[in-house]
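2 protein chains.
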Amino acid sequence: MKISDRRNFLKNAFIGTAGLAAFPVVLSANELDMASPSPRININSLKNSNVILFQGDSITDAGRNREAKDPHNQAALGGGYAFLAAADLLNTFPAKNLQIYNKGISGNKVFQLAERWQNDCLDLRPAVLSILIGVNDYWHKHNGNYDGTVAIYEKDFRALLKRTKEALPDTKIVICEPFAVLGCKAVDGTWFPEFDQYRVAARKLAGEFNTIFIPYHDIFVKASRVAPPTYWTADGVHPSVAGAKLMSEAWMKYVFGK
Amino acid sequence: MKISDRRNFLKNAFIGTAGLAAFPVVLSANELDMASPSPRININSLKNSNVILFQGDSITDAGRNREAKDPHNQAALGGGYAFLAAADLLNTFPAKNLQIYNKGISGNKVFQLAERWQNDCLDLRPAVLSILIGVNDYWHKHNGNYDGTVAIYEKDFRALLKRTKEALPDTKIVICEPFAVLGCKAVDGTWFPEFDQYRVAARKLAGEFNTIFIPYHDIFVKASRVAPPTYWTADGVHPSVAGAKLMSEAWMKYVFGK
Chain A
2 MKISDRRNFL KNAFIGTAGL AAFPVVLSAN ELDMASPSPR ININSLKNSN
52 VILFQGDSIT DAGRNREAKD PHNQAALGGG YAFLAAADLL NTFPAKNLQI
102 YNKGISGNKV FQLAERWQND CLDLRPAVLS ILIGVNDYWH KHNGNYDGTV
152 AIYEKDFRAL LKRTKEALPD TKIVICEPFA VLGCKAVDGT WFPEFDQYRV
202 AARKLAGEFN TIFIPYHDIF VKASRVAPPT YWTADGVHPS VAGAKLMSEA
252 WMKYVFGK
Chain B
2 MKISDRRNFL KNAFIGTAGL AAFPVVLSAN ELDMASPSPR ININSLKNSN
52 VILFQGDSIT DAGRNREAKD PHNQAALGGG YAFLAAADLL NTFPAKNLQI
102 YNKGISGNKV FQLAERWQND CLDLRPAVLS ILIGVNDYWH KHNGNYDGTV
152 AIYEKDFRAL LKRTKEALPD TKIVICEPFA VLGCKAVDGT WFPEFDQYRV
202 AARKLAGEFN TIFIPYHDIF VKASRVAPPT YWTADGVHPS VAGAKLMSEA
252 WMKYVFGK
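Chains as they are written, first to last, in the numbering used here: chain A, 2 to 259; chain B, 2 to 259.
None of these hints come from the bench; they were simulated from the model. Careful, some of the hints might be misleading.
Since copy identity is lost for identical chains, a pair holds within one copy or between any two.
DSBU-like, lysine-lysine: derived pairs with alpha carbons at most 35 Å apart [unchecked claim]:
1) K186 / K97
2) K70 / K142
3) K48 / K163
4) K166 / K186
5) K186 / K48
6) K97 / K223
7) K173 / K223
Produce the complete structure using the sequences and hints provided.
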């Protein structure tokens, strides 16, 4: 079996070589296609120097330097899936000179995105806006530090998306499914089935607003069949380096079909 | 042309789809094959939990946290090509549970690697050792802060490789070509042809010790035909995010044929 056949699970799922029979696959092509809305974004529809914006909580933030202004600066992009996706985009499409921003802030819930949306999203006029939000909306409720509900999450997220569509009608939106991986430090059985309601709400909104949807929860669950859950995320919420790469590969696949 | 045809220049160079005619390719398959020693490393030859070590100067260091001990921690891996290659390796070969270390230190010349080689290389017993060293051996001489010569670089580097082979006969070694990109802030015509002698010395040592050799200088020069040199490296020495990804993709291709 050639190394090149093993490129990564997501690509393997699409390439589907005979060699893969010898190697576990996280997602089958069918599973991906069923979960993935179409059409994806055609890179040719993006103009030179278009902005791509990653928004969310600590998973997106990933230790970024909030003082760094250069969108092509690693410190500004953090050390997680947004940086890994940015590196892939900048290397793959150099002629586009994409301007890529990470504005994730650790601990954020959806209402906190709304509070900073004018500065941290609308003013940047992104051509592509990727949002990963929701785990704190549940987690902080679960640990008794927040009295929000899934109904509030859905209502606030819907209002944020409506506001975005009105201000930026041409912006292509990507909704990333909130995820929580059982068998890791911070996530136990008490999270379910209630946490699943937040996943359902995010998927429902992707349908309502006709956005791309990335089923990250399913992706982590399936990756955990190949290596232990803690290989992909130590606490069940924050991805490891391997988990961040799993996320960036899925992002490229679901958003650009790459 | 499908986005997937454009994956990245290095892969495109190997895939060679018809679609590529519409898209510039940095390296042709022939150029890569001619520059690339064989055989590459077969991932199946690595044992579970084997160590992969990236050694070098600031290009490898890339702002890593030297206090971080967890080899699967982004802060410990820095924000450059070593982190990007680690993320790719950990996601692509999860069953191997590879232990990946970055021990690059900003400003280092080859004699400074030798001073810390026992702790920062030999004691880690890497299965794969990747070394990128040499730009400071020239740069610090060029700016008058070092009186070393290319002969000293070659002599010190040969002694380091001999010492490594004696202590770790089974370790697979990768020598990365030092590079300097004209048309960027820190690199002008006064660097050449003298800097090229350091590139020649590194390539000569790769031949003497039968190591893998990655021709990074050529890779950056060819990438600069597709986007301006400063897109890949602001100062001609330190890669941008796009340049770091160019390096990690080349590393995976030359080391694992991936």
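Hints, one by one, checked against the model:
Taking the closest pair of Cα atoms, K186 and K97 come within 35 Å of each other only across two copies (23 Å); inside a single copy the shortest separation is 41 Å, beyond that limit. When the C-alpha separation of K70 and K142 is checked against a cutoff of 35 Å, the pair qualifies both within a copy, at 34 Å, and between copies, at 33 Å. In the homo-oligomer, the alpha carbons of K48 and K163 lie at most 35 Å apart inside one protomer (24 Å), although the nearest pairing across protomers, at 52 Å, exceeds that limit. With identical chains, the CA atoms of K166 and K186 are never at most 35 Å apart, being 38 Å at best within one copy and 42 Å at best between copies.
Taking identical chains as interchangeable, the C-alpha atoms of K186 and K48 lie at most 35 Å apart only when they sit on different chains, with a minimum of 28 Å there against 43 Å within one chain. Taking the shortest Cα distances, K97 and K223 sit within 35 Å of each other both inside one copy (34 Å) and across copies (18 Å). Taking CA atoms no more than 35 Å apart as the test, K173 paired with K223 passes in both settings, with 27 Å inside one copy and 33 Å between copies.
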